[in-house]
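Produce the entire structure from the sequences given, and follow the hints as far as they go.
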Amino acid sequence: MRKTVLVLAVVALLFTGMIATVTAPTVASSNGMVAAVDRYAAEAGAKILEMGGNAIDAAIAVSLALGVVEPYASGIGGEGYAVITMADGSKFAIDFRSTAPMLATYEALTEKGLRIGTITRTPMGICVPGVLAGIREAWLLGATLPFSVLAQPAIDLARNGFLIDQTFSQTTADNYELLLKNAFEFLNEGFVWETGTLYKNPELADTLERIVEEGIDTFYFGSLADEIEEFMIETDGFMRKSDLEIYNAIIREPLHGTYRGYDLFVPHPPVSGPQLLAVLNTLENYNLPAMSWDDPLAIHLIQQALILGDIDRRTYISDPDFHDLPYEGFMSKDYAKTRFMVINPGRVFDQPYASYLGNAYPFQEGATYEEALLAAFAEVASNASDIDESPSTTHFSIVDKDGNAVAWTQTLSSFFGTTTYFKGFFFNNEMGNYASSYRPGDVINLTGGMRPRTTICPTVIMKDGEVRWVVGTPGGARIMSMMVNLVVELIDFNLPVDKAIRLPKFTGMWNDTTLRIEAGYPETTLNFLEKVLGHKLNIYNTYPDLYFGGPNIIAVEENGMMIGAGSIRRGGFASAPEF
Amino acid sequence: MFFVSTGLALKDPGDDLRLEGPFLVTSGGQSPGALQFTVIAKMVNIDYTFERLVKVGEVDISKFKTFVVVVGASGKGLGAAGIDIDVEINRVVELAKLAKANDLKIVICNLEGVSRRGVSSDRIVTALAPFASVYFIKTDANEDGFFTELSKEAGVPLATFDVTVGLKDVLAEFVEKPN
Numbered sequence: 001m002r003k004t005v006l007v008l009a010v011v012a013l014l015f016t017g018m019i020a021t022v023t024a025p026t027v028a029s030s031n032g033m034v035a036a037v038d039r040y041a042a043e044a045g046a047k048i049l050e051m052g053g054n055a056i057d058a059a060i061a062v063s064l065a066l067g068v069v070e071p072y073a074s075g076i077g078g079e080g081y082a083v084i085t086m087a088d089g090s091k092f093a094i095d096f097r098s099t100a101p102m103l104a105t106y107e108a109l110t111e112k113g114l115r116i117g118t119i120t121r122t123p124m125g126i127c128v129p130g131v132l133a134g135i136r137e138a139w140l141l142g143a144t145l146p147f148s149v150l151a152q153p154a155i156d157l158a159r160n161g162f163l164i165d166q167t168f169s170q171t172t173a174d175n176y177e178l179l180l181k182n183a184f185e186f187l188n189e190g191f192v193w194e195t196g197t198l199y200k201n202p203e204l205a206d207t208l209e210r211i212v213e214e215g216i217d218t219f220y221f222g223s224l225a226d227e228i229e230e231f232m233i234e235t236d237g238f239m240r241k242s243d244l245e246i247y248n249a250i251i252r253e254p255l256h257g258t259y260r261g262y263d264l265f266v267p268h269p270p271v272s273g274p275q276l277l278a279v280l281n282t283l284e285n286y287n288l289p290a291m292s293w294d295d296p297l298a299i300h301l302i303q304q305a306l307i308l309g310d311i312d313r314r315t316y317i318s319d320p321d322f323h324d325l326p327y328e329g330f331m332s333k334d335y336a337k338t339r340f341m342v343i344n345p346g347r348v349f350d351q352p353y354a355s356y357l358g359n360a361y362p363f364q365e366g367a368t369y370e371e372a373l374l375a376a377f378a379e380v381a382s383n384a385s386d387i388d389e390s391p392s393t394t395h396f397s398i399v400d401k402d403g404n405a406v407a408w409t410q411t412l413s414s415f416f417g418t419t420t421y422f423k424g425f426f427f428n429n430e431m432g433n434y435a436s437s438y439r440p441g442d443v444i445n446l447t448g449g450m451r452p453r454t455t456i457c458p459t460v461i462m463k464d465g466e467v468r469w470v471v472g473t474p475g476g477a478r479i480m481s482m483m484v485n486l487v488v489e490l491i492d493f494n495l496p497v498d499k500a501i502r503l504p505k506f507t508g509m510w511n512d513t514t515l516r517i518e519a520g521y522p523e524t525t526l527n528f529l530e531k532v533l534g535h536k537l538n539i540y541n542t543y544p545d546l547y548f549g550g551p552n553i554i555a556v557e558e559n560g561m562m563i564g565a566g567s568i569r570r571g572g573f574a575s576a577p578e579f
Numbered sequence: 580m581f582f583v584s585t586g587l588a589l590k591d592p593g594d595d596l597r598l599e600g601p602f603l604v605t606s607g608g609q610s611p612g613a614l615q616f617t618v619i620a621k622m623v624n625i626d627y628t629f630e631r632l633v634k635v636g637e638v639d640i641s642k643f644k645t646f647v648v649v650v651g652a653s654g655k656g657l658g659a660a661g662i663d664i665d666v667e668i669n670r671v672v673e674l675a676k677l678a679k680a681n682d683l684k685i686v687i688c689n690l691e692g693v694s695r696r697g698v699s700s701d702r703i704v705t706a707l708a709p710f711a712s713v714y715f716i717k718t719d720a721n722e723d724g725f726f727t728e729l730s731k732e733a734g735v736p737l738a739t740f741d742v743t744v745g746l747k748d749v750l751a752e753f754v755e756k757p758n
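These protein sequence lines map, in sequence, to chains A and B. Residue numbers for the first sequence follow this note's numbering, beginning at 1 and rising by one. Residue numbers for the second sequence follow this note's numbering, beginning at 580 and rising by one.
Among the hints, a few may not be true.
[To be verified] Every beta carbon over 12 Å from chain B, so not counted as near; a handful from chain A, in silico:
hint, residue
1, Ala-28
2, Ser-30
3, Thr-118
4, Leu-145
5, Asn-160
6, Gly-190
7, Glu-253
8, Asp-263
9, Leu-288
10, Asp-321
11, Gln-364
12, Leu-373
13, Gly-465
14, Arg-502
15, Tyr-521
16, Tyr-543
[As the list claims (entries may be wrong)] Output of the computed footprint for chain A on chain B, the stretches with three or more beta carbons under 8 Å from beta carbons of chain A:
hint, segment
17, 607-614
18, 687-694
[To be verified] If you anchor each label on the Cβ, the simulated ranges turn out as follows:
hint, chain 1, residue 1, chain 2, residue 2, range
19, A, Tyr-353, B, Asp-663, 27 to 35 Å
20, B, Gly-658, A, Lys-423, 28 to 36 Å
21, B, Lys-731, A, Ala-28, 46 to 54 Å
22, B, Met-622, A, Glu-530, 51 to 59 Å
23, B, Leu-632, A, Gly-261, 52 to 60 Å
24, A, Gly-117, B, Gly-636, 26 to 34 Å
25, A, Glu-466, B, Thr-705, 55 to 63 Å
26, B, Asp-626, A, Gly-449, 50 to 58 Å
27, B, Asp-639, A, Pro-522, 49 to 57 Å
28, B, Ala-660, A, Asn-344, 51 to 59 Å
29, B, Lys-676, A, Glu-177, 25 to 33 Å
None of these hints come from the bench; they were simulated from the model. Built from N, CA and C at the ideal position, the CB exists for glycine as well.
In structure tokens form, the structure reads like this:
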């Protein structure tokens, strides 16, 4: 008996040792790294790396785990986008954005006396979820471990529970009224989940186990799809099994751009990769490396470039399978020169922002900026709608010991999506990202099968073929501002990743004439921005403020050391295997 | 489990303070606490009316016997309501004055614990303190003795509870059962 106990103890120690990880807000390691918004999810990924899995294996585990520990921000009822760069040089972009159900039309809404704006928190606001299809494609592309192994950490978290953090509690409190009405079963016997409470989700554990047993296809073609359809019919939603059956995650090569000699691999439309490149291309014309993070002139130039990029995004970004738009012109260096010419280094824009829309069409055909500007400008109609995007979403970054990298952003759109709760998870409300009512020529009119536009932008940055940073963030309409802030801080200001993530941030958006700026900038900087450059300041006095986003980043040093930094604005963590 | 401590001037709160329905429930700060109060009110069959933003002039206070302000300042909630903290304090204080003039018992409740113990939440509580008949407070909101002090100063009872649902037992103790 004593011998048996001893053997068991040794086995237990070995097992514990096998899955040991180091987890903290900032971690350095050369064994691989995961940075995510939640410590349990980050650890889930690091444990997979520890077991010998690669970055794709870990990404699948983290994606599923995030759906458990942050059910309000993402999950199998949601969607997203991933950029993957493999050590062998291959690169993939997986578009698992949701699509509009075929029954969802403006006519159908009008018949019911509804508009998109009134259905986004109802089952009618659900678009076809893509997360599981994205996971399937990622697994097929390069996973090395069985799906059952990769799903197990999420199943364990759901089955055994975990301690609720402040973000979980606060987000539940912020949405309590809707949850009380639409998702009572999710609440803690009708109350907000409080920080420190043990949260279990056995229903989601059952659902995930079922997906493991029956395969991911059960969600799109099988018995789970049947049950989803039944639920949609009962609750008056638009989605049907036929929508699930025709859904596909799309594999492409990521778009490529450069910034000061670095290579950026970014998402295709309808995701905001071209916008990131367009803004950076504009900024490349300035000598930002000679400035500092708190230089008011740098803040001004970046903010004005962000505004121009955001104005253009609304006209040039949509689902490329439905709209032939000049996004390659939009992200060209020559087009950026024309945008550079629009910015006044000494003063804010003084005309309505819509009047600053650029013409990217000539650049789609390869025109130089001289040719384009010498030619008469063609009139470009602004086919743009006003969408107030949610601050929800989650992003994680992974690099394994071999240098494979994954930048993965997933979302339900708003926190808790539609608040439609089904088998332990929430369905997205991506419907809110289409134009609220039909407008002729609008590039985001609701169309069955079309993917809505989004600001998410998971990105891998390389130098001389080696991964240097894996970057991405939630933050709705502020995502691009956070991304550009970070890239400039990392590349132009040469700041370490943990400092970059901590520095206060600011925004530049097409529909905001103020400069929203997080507390922490020197008084002189703020005064200069206001009094000399003419900015209307909107200072956020709480630091850090999740409004500005919650990036989780990995930096890879030239010696191979990886630095993972979790978001300080959302309690993020980095986790590394110990080996 | 809950605990009742007694204000200095009140010898036996159990005898002297019985809360009768109907209750008028409002938020003080627009956090979700007030809505959670209504969930518990339903559990213990209290006759209540919940008006998140009710103002003097919009309510016939004589219909009620008890006025409950569930305090919790939420920037998001105030923003959604289109009001600032000063407007909110003025609203609940004017209601409390009206309630007191009409002999209603006035309950100040913190249901969300320490997460609603910021400067703004404390301003609301302090402004309402002169009108309080009783405090129902989640224990972790009183770790610094803030509510104990207010309760002692005013000589009114303070009932504390460890978890949100614990308010159910507090209400069961204080609320007069209908005959």
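**Item:** Verdict for B/Ala-660, A/Asn-344 (Cβ pair) under range 51 to 59 Å
**Value:** This hint is violated: roughly 39 Å between Cβ atoms.
**A/Asp-263 non-interfacial with respect to chain B [C-beta, more than 12 Å]** = holds (40 Å)
**Request:** Would you check whether the claim that A/Leu-145 is not at the interface survives, using Cβ distances to chain B and the 12 Å cut-off?
**Result:** holds (40 Å)
**Asked** Can we trust that A/Tyr-521 is non-interface, i.e. its beta-carbon lies farther than 12 Å from all of chain B?
**Response** holds (21 Å)
**Request:** Mind verifying the non-interface call on A/Gly-190? Its CB should be farther than 12 Å from each CB in chain B.
**Result:** violated (5 Å)
**Asked** How does the Cβ-Cβ distance of A/Glu-466 and B/Thr-705 compare with 55 to 63 Å: does it lie in that range?
**Response** holds (59 Å)
**Prompt:** Is it true that B/Leu-632 and A/Gly-261 lie within 52 to 60 Å of each other by Cβ?
**Reply:** holds (57 Å)
**Prompt:** Is the Cβ of A/Gly-465 more than 12 Å away from each Cβ in chain B?
**Reply:** holds (46 Å)
**Asked** Just checking, A/Leu-373 versus chain B, shortest CB gap more than 12 Å?
**Response** Nearest chain B Cβ is 44 Å from A/Leu-373, so the label holds.
**Asked** Is 26 to 34 Å a correct range for the gap between the Cβ atoms of A/Gly-117 and B/Gly-636?
**Response** About 32 Å separates the Cβ atoms of A/Gly-117 and B/Gly-636, which means 26 to 34 Å holds.
**Request:** Please confirm whether A/Asn-160 is truly not at the interface, meaning its C-beta sits more than 12 Å away from all C-beta atoms of chain B.
**Result:** The assertion about A/Asn-160 holds, with a minimum of 21 Å to chain B.
**Request:** Return holds or violated for the Cβ distance of B/Met-622 and A/Glu-530 against the range 51 to 59 Å.
**Result:** holds (53 Å)
Violated hints, in rising order: 6, 28; the structure is consistent with all others.
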